[in-house]
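> Listed below are the residues making up each chain.
Protein chains: 2
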Amino acid sequence: MMTPPKRAVYLVSRNIHKYLEARQIFLAHGLNLVLLRVKALEIQSENLEDIAKFRASYAAENWGVPVISEDAGLFVDALNGFPGPYSSYAYKTIGCRGILRLLEGVENRRARFRSAVAYCPGPNKQPLCFVGETLGRISTEERGSHGFGFDPIFIPEEGDGRTFAEMTRGEKNRYSHRAKAMRKFVKWYLGAVRSE
Amino acid sequence: MMTPPKRAVYLVSRNIHKYLEARQIFLAHGLNLVLLRVKALEIQSENLEDIAKFRASYAAENWGVPVISEDAGLFVDALNGFPGPYSSYAYKTIGCRGILRLLEGVENRRARFRSAVAYCPGPNKQPLCFVGETLGRISTEERGSHGFGFDPIFIPEEGDGRTFAEMTRGEKNRYSHRAKAMRKFVKWYLGAVRSE
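One line per chain: the protein sequences are A and L, in this order.
Residue 2 is where the first sequence starts when you use the working numbering, and the numbers rise one by one after that.
Residue 2 is where the second sequence starts when you use the working numbering, and the numbers rise one by one after that.
Isolated chain A (complex conformation):
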């Protein structure tokens, strides 16, 4: 039987890209992140924080370990926030092309990626939540092959004009919503561990 690593935090997710992005942040701070690749109950909400918190609590309850859960979405201004919390389903069905089509001839291409990282220390514990946001715009064509989801059409404001999908994982982690939320969590977590 394997002994679980001490102080390991588990990421409940079935998205390997998400895990690898998060793990890079954790490793940079000397922390381990273990992938808990299970199907956890997910609620419908227009609030990413609620979705992430519910799933973190659910997983901590069912697997008895400290869990983080991350929920993210692309919110396009001219589409009233669509695809938002349902970005993953929109990606699987209409894809990047669908978003480009909905924005054909639309001048306002402003969009933001948002991420909510919820942490639940164990069963019957209250979850905490950390959010990250990256402003940017929707490109006029798909560009790049790194990352996942809507990365090929999102150009972060803080970058050099490349889409997320044109960046390596390390570059994306400099600007991304997910990296910002993960770093907030890691900072809090290290402080909490130190004061124990």
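Hint data in this document are derived by calculation from the structure and do not stem from the laboratory.
All of these numbers come straight from a predicted model, not from anything done at the bench.
Possibly wrong hints are sitting among the right ones.
[Said to hold, decoys possible] Lysine-lysine pairs mimicking DSBU-like chemistry, simulated, CA-CA at most 35 angstroms apart:
{"hint": "1", "chain 1": "A", "residue 1": "K93", "chain 2": "L", "residue 2": "K93"}
{"hint": "2", "chain 1": "L", "residue 1": "K19", "chain 2": "A", "residue 2": "K40"}
{"hint": "3", "chain 1": "L", "residue 1": "K93", "chain 2": "A", "residue 2": "K185"}
{"hint": "4", "chain 1": "A", "residue 1": "K126", "chain 2": "L", "residue 2": "K185"}
{"hint": "5", "chain 1": "L", "residue 1": "K185", "chain 2": "A", "residue 2": "K185"}
{"hint": "6", "chain 1": "A", "residue 1": "K40", "chain 2": "A", "residue 2": "K188"}
{"hint": "7", "chain 1": "A", "residue 1": "K40", "chain 2": "L", "residue 2": "K185"}
{"hint": "8", "chain 1": "A", "residue 1": "K93", "chain 2": "L", "residue 2": "K185"}
{"hint": "9", "chain 1": "L", "residue 1": "K126", "chain 2": "A", "residue 2": "K40"}
{"hint": "10", "chain 1": "L", "residue 1": "K40", "chain 2": "A", "residue 2": "K93"}
{"hint": "11", "chain 1": "A", "residue 1": "K93", "chain 2": "L", "residue 2": "K19"}
{"hint": "12", "chain 1": "L", "residue 1": "K40", "chain 2": "A", "residue 2": "K40"}
{"hint": "13", "chain 1": "L", "residue 1": "K126", "chain 2": "A", "residue 2": "K126"}
{"hint": "14", "chain 1": "L", "residue 1": "K188", "chain 2": "A", "residue 2": "K126"}
Chain L: place on chain A using the hints.
Okay, now just chain L, sitting in the frame of chain A:
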């Protein structure tokens, strides 16, 4: 204090149109349907039945009454089933226009409306589920002002070429996915009550 009506079934929903459509079917069979207009926890799933069953159980648990919950979605073939279980969010953000835009120049306009009606008799009881489906196509423009959601762009195969939004509630109830699922439930329910 008001006495609750005997044998009343409660529909947990915040959509008054949905309630009025369902109520018409119930009344036609001599049954009463009460609107339970509360916010009930909703799960994310690509399976309407799971969403409806979870919400019916949740509401029966929390309000202690026999509850039905209905979840519906428009599944467009050429869009890989989009907007599907997230139709309500897609309607609020990109609307009928968004769907028409995604289908501009697309020849295959085949679509189906699906409905899942879940019934939970009370706390700690297992929910049952009844489904209804209506095949049709997406119109090339919005037509009509009745109904709600994507009704102005859906033309049922069984009809006369009008969209759901060009029909009265009674006409829509002849063809609609929701009416089919509700009638299945009512038929089962009347049998169950009789055999008590």
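> Compare the structure with the hints numbered earlier in the document and write down the numbers of the violated ones, lowest to highest.
4, 5, 14
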